[in-house]
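Participant: Chain by chain, the residues:
There are 2 protein chains.
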Amino acid sequence: MVTDQVGTARAPGRPRSEKAEKAIIEATIDMIAEGATVAELSIEAVASRAGVGKTTIYRRWSGKEDLVLDALTSLKAPLPDLDAPTVRENVLRYLSVMQHESHSRRTRCIMNIALSESERFPHLAERFREIAIRPRREALRSVIQRGVASGELRHDTDIEVAMAALTGAMLFFTKWPGNDDPLPEDLAERIADQVLTGLRP
Amino acid sequence: MVTDQVGTARAPGRPRSEKAEKAIIEATIDMIAEGATVAELSIEAVASRAGVGKTTIYRRWSGKEDLVLDALTSLKAPLPDLDAPTVRENVLRYLSVMQHESHSRRTRCIMNIALSESERFPHLAERFREIAIRPRREALRSVIQRGVASGELRHDTDIEVAMAALTGAMLFFTKWPGNDDPLPEDLAERIADQVLTGLRP
Chain A
1 MVTDQVGTAR APGRPRSEKA EKAIIEATID MIAEGATVAE LSIEAVASRA GVGKTTIYRR
61 WSGKEDLVLD ALTSLKAPLP DLDAPTVREN VLRYLSVMQH ESHSRRTRCI MNIALSESER
121 FPHLAERFRE IAIRPRREAL RSVIQRGVAS GELRHDTDIE VAMAALTGAM LFFTKWPGND
181 DPLPEDLAER IADQVLTGLR P
Chain B
1 MVTDQVGTAR APGRPRSEKA EKAIIEATID MIAEGATVAE LSIEAVASRA GVGKTTIYRR
61 WSGKEDLVLD ALTSLKAPLP DLDAPTVREN VLRYLSVMQH ESHSRRTRCI MNIALSESER
121 FPHLAERFRE IAIRPRREAL RSVIQRGVAS GELRHDTDIE VAMAALTGAM LFFTKWPGND
181 DPLPEDLAER IADQVLTGLR P
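Protein chains in written order, with the numbering used here: chain A, 1 to 201; chain B, 1 to 201.
Just to be clear, a hint being listed does not mean it is correct.
[As the list claims (entries may be wrong)] Distance condition first, Cα-Cα at most 27 Å in a straight line; then the derived BS3-like pairs of lysine-lysine: (1) K175/B <-> K175/A; (2) K175/A <-> K22/B; (3) K64/A <-> K54/A; (4) K19/A <-> K54/A; (5) K175/B <-> K64/A; (6) K19/A <-> K64/A; (7) K175/B <-> K64/B; (8) K54/B <-> K19/B; (9) K22/B <-> K64/B.
Since the hints were derived computationally from the structure, they do not count as laboratory data.
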């Protein structure tokens, strides 16, 4: 991938276009974080907030769903390395990223939108799953499968339920209504230890 | 509690008012299930859908949030009896209700709204938690506490994490995006068995 470097000659106009794209993505994120639903969001409002013309947006994105998808995916923290020697360490890394993400009001808002609007914007929801959700799920599945293969976890581990218990427990604390207390600092450890206890030979 | 019985004399107008209330609640549920957000929902639109005047709505509800709250709570299945002799049986009953509720598109929509709009309608979200979420959570906590007290579960069980793993695993399958396959019929059993294995002495 070619990236701009200090001192490199650039095509005229390139930096301005990148700056505009960034402003457009930021404006979209801000508006969703402030409570706008995808249905309510308009290209016109985003353009006005970003200080660009509508045509600048349509040059880069085919429409609202396309733009929102880019905005959503830009907020996902990258996958952590899940190549530690033990299942526990990999699970801790995974859960810690989830817990860390939940601190951001922006991320919370945007995940909520991703969750709530799948009925209205099925294409957006499907692409969001492909880009942002499935790769993470595959990475966690692989951690558990490797643990079963190495004998660290029981050979009859119900892999889908194990993933659901680990991820779901963290979601329950971070995303589900009714948890108003600050998250315990050792939450990832507590979840990993309790759930993995049931999976050991 | 006094209830209407067949043959009982009723105050004139009472049945009509009950019918109108039911139509108003149904209209609200339908519109949310079709994708309307709380922000978008208007008393005027609900009145028109229910075939009543706006004043009929305002006679019973102080406003939109009040009406939506009644609509949401009317959809929650009642708490199952959680007085079976074993933790496993009680957990199964609890998880089965959660799984059953998720089959309804209406319920899914409405739970999504309850989740997504807590930032915009904090009062609505708070009352919804009080009425619909906390009593269930307390009931499950009590099941686990009784299991610890009776020795069926380990004395060092992390009760909050156990609740999160059980409930969160079911939510992960029923509410989280990315699970498009039909739910396995024995899902409640699989979750109960795997999570409880880690909690036994």
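Participant: None of the hints should be skipped; say for each whether it holds.
Facilitator: The hints, checked one at a time:
1. For the hint linking K175/B to K175/A, the alpha-carbon distance of about 12 Å falls within 27 Å, and the restraint holds.
2. Restraint check: the Cα-Cα separation between K175/A and K22/B comes to about 32 Å, which exceeds 27 Å; the hinted pair is violated.
3. A distance of roughly 11 Å separates the Cα atoms of K64/A and K54/A; the hinted pair therefore holds under the 27 Å criterion.
4. Restraint check: the Cα-Cα separation between K19/A and K54/A comes to about 15 Å, which is no more than 27 Å; the hinted pair holds.
5. The suggested pairing of K175/B with K64/A holds, with an alpha-carbon distance near 25 Å, which does not exceed 27 Å.
6. Only pairs whose Cα atoms come within 27 Å are accepted, and K19/A paired with K64/A is accepted, the gap being roughly 19 Å.
7. The straight-line distance between the Cα atoms of K175/B and K64/B is roughly 26 Å, inside the 27 Å bound, and the hint therefore holds.
8. Proposed proximity of K54/B and K19/B is supported: the alpha carbons are some 15 Å apart, at most 27 Å.
9. For the suggested pair K22/B and K64/B, the alpha carbons sit about 16 Å apart, so the restraint of at most 27 Å is met.
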